[in-house]
Amino acid sequence: MEEEKSKVTLHGMWASTYSKRVEIALKLKGIPFKYVEEDLKNKSDSLIQLNPVHKKIPLLVHDGKPLAESQVILEYIDETWKNSPRLLPEDPYEKAQVRFWVSYIIQQVYEVFGRILFQEGKALAKSVEEAQERLRVLEEGLKKHFPNKILRENDDVGLLEIIIFTSFGAHKVYHEALGVEIIDPVDTPTLYNWIERLQELTVMKECEVPHDKLVTSIQNYRQEHLQKTANA
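With the UniProt record's numbering applied, the sequence shown covers 1 to 232.
Be aware that a few hints might be false.
To be verified - Below, simulated BS3-like cross-link-like pairs (lysine-lysine); rule was C-alpha separation at most 25 Å, straight line:
#1 Lys55 / Lys41
#2 Lys43 / Lys213
#3 Lys95 / Lys55
#4 Lys55 / Lys43
#5 Lys29 / Lys65
#6 Lys126 / Lys27
#7 Lys95 / Lys143
#8 Lys65 / Lys82
#9 Lys172 / Lys143
#10 Lys95 / Lys82
#11 Lys149 / Lys205
#12 Lys27 / Lys56
#13 Lys82 / Lys43
#14 Lys149 / Lys172
#15 Lys29 / Lys41
#16 Lys172 / Lys205
#17 Lys126 / Lys205
#18 Lys228 / Lys27
#19 Lys149 / Lys82
#20 Lys56 / Lys7
#21 Lys149 / Lys29
#22 Lys213 / Lys56
#23 Lys95 / Lys126
#24 Lys7 / Lys27
#25 Lys34 / Lys149
#26 Lys122 / Lys56
#27 Lys95 / Lys34
#28 Lys213 / Lys34
#29 Lys95 / Lys228
#30 Lys65 / Lys122
#31 Lys228 / Lys43
#32 Lys82 / Lys41
#33 Lys55 / Lys172
#34 Lys65 / Lys43
#35 Lys55 / Lys122
#36 Lys122 / Lys41
#37 Lys56 / Lys43
#38 Lys56 / Lys126
#39 Lys29 / Lys122
In case anyone wonders, no lab produced these hints; they're calculated from the structure. These figures come from a predicted structure and were not determined experimentally.
Taking the hints into account, I'd like the entire structure generated from these sequences.
Shown next, in the form of structure tokens:
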């Protein structure tokens, strides 16, 4: 299936934090795009043909040219559409700090969140404690490097805010679906307040996944995994 030329198409999945990152960036920049919802158990021929290496979402197609991997796509969007808001700061040091903390969230914190989804008992408790320890490191980083951050409107959002929102915006869903509380206003107040303010922004509300639908999806996904593990 050939993508339309001179247009932007995003192949994603409603519950994927990775495709949500790209969706938010496109909306922030005011870029019109066509959205294609993918069934990850029955991927479209277009997705497979245009992303033959990973065959995964998100996939962005611009002027018929496909781009894979959310981080690659986000930087491409920022370099191609230079209007406000810029996803990365112009100042080299500020840009380096944003990239560092984005990398920390993805590699150190979000990785633990993924494990929590499929654990029980002592293993679950240990991973929750580990996640909280890593979040405290992030808390100190936000206070030190972004002390005067303002989040009042869409133009205040950049790459770091997108990653924080898509990684942790659903932390209350984890509490309801799994019975664990990972982020609270006492232990990590700066991070908690960033999330609360981001959730009030128009662009985030437009991209927000329905709470009840996500709770059910996580519970079902977790149960399927635990059942497969028990039967292995």
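Status of each hint after checking the structure:
1. Lys55 / Lys41: holds, 12 Å
2. Lys43 / Lys213: holds, 21 Å
3. Lys95 / Lys55: Roughly 30 Å separates the two Cα atoms, so the pair is violated.
4. Lys55 / Lys43: Given pair Lys55, Lys43 holds - Cα atoms ~8 Å apart, limit 25 Å.
5. Lys29 / Lys65: Given pair Lys29, Lys65 holds - Cα atoms ~19 Å apart, limit 25 Å.
6. Lys126 / Lys27: violated, 38 Å
7. Lys95 / Lys143: holds, 16 Å
8. Lys65 / Lys82: holds, 19 Å
9. Lys172 / Lys143: Since the Cα atoms of Lys172 and Lys143 sit roughly 23 Å apart, the hinted pair holds (cutoff 25 Å).
10. Lys95 / Lys82: Cα-Cα ~15 Å, so holds.
11. Lys149 / Lys205: holds, 20 Å
12. Lys27 / Lys56: Since the Cα atoms of Lys27 and Lys56 sit roughly 21 Å apart, the hinted pair holds (cutoff 25 Å).
13. Lys82 / Lys43: violated, 32 Å
14. Lys149 / Lys172: Within the cut-off at roughly 23 Å; holds.
15. Lys29 / Lys41: violated, 31 Å
16. Lys172 / Lys205: holds, 16 Å
17. Lys126 / Lys205: violated, 33 Å
18. Lys228 / Lys27: Violated - the C-alpha atoms of Lys27 and Lys228 are around 38 Å apart, more than 25 Å.
19. Lys149 / Lys82: Holds. Lys149 to Lys82 sits at ~21 Å (cutoff 25 Å).
20. Lys56 / Lys7: Holds: Lys56 and Lys7 sit about 20 Å apart, inside 25 Å.
21. Lys149 / Lys29: Holds - the C-alpha atoms of Lys29 and Lys149 are around 20 Å apart, at most 25 Å.
22. Lys213 / Lys56: holds, 22 Å
23. Lys95 / Lys126: Measuring from Cα to Cα gives roughly 34 Å; hence the hint is violated.
24. Lys7 / Lys27: holds, 15 Å
25. Lys34 / Lys149: At roughly 32 Å apart (the allowed maximum being 25 Å), Lys149 and Lys34 break the hint.
26. Lys122 / Lys56: Violated, at about 33 Å.
27. Lys95 / Lys34: violated, 30 Å
28. Lys213 / Lys34: holds, 23 Å
29. Lys95 / Lys228: violated, 43 Å
30. Lys65 / Lys122: violated, 47 Å
31. Lys228 / Lys43: Judged against 25 Å, a Cα distance of about 22 Å means the pair holds.
32. Lys82 / Lys41: violated, 36 Å
33. Lys55 / Lys172: Judged against 25 Å, a Cα distance of about 31 Å means the pair is violated.
34. Lys65 / Lys43: holds, 19 Å
35. Lys55 / Lys122: At roughly 35 Å apart (the allowed maximum being 25 Å), Lys122 and Lys55 break the hint.
36. Lys122 / Lys41: violated, 32 Å
37. Lys56 / Lys43: holds, 9 Å
38. Lys56 / Lys126: Given pair Lys56, Lys126 is violated - Cα atoms ~31 Å apart, limit 25 Å.
39. Lys29 / Lys122: With a Cα-Cα distance of about 44 Å, the restraint between Lys29 and Lys122 is violated, given a limit of 25 Å.
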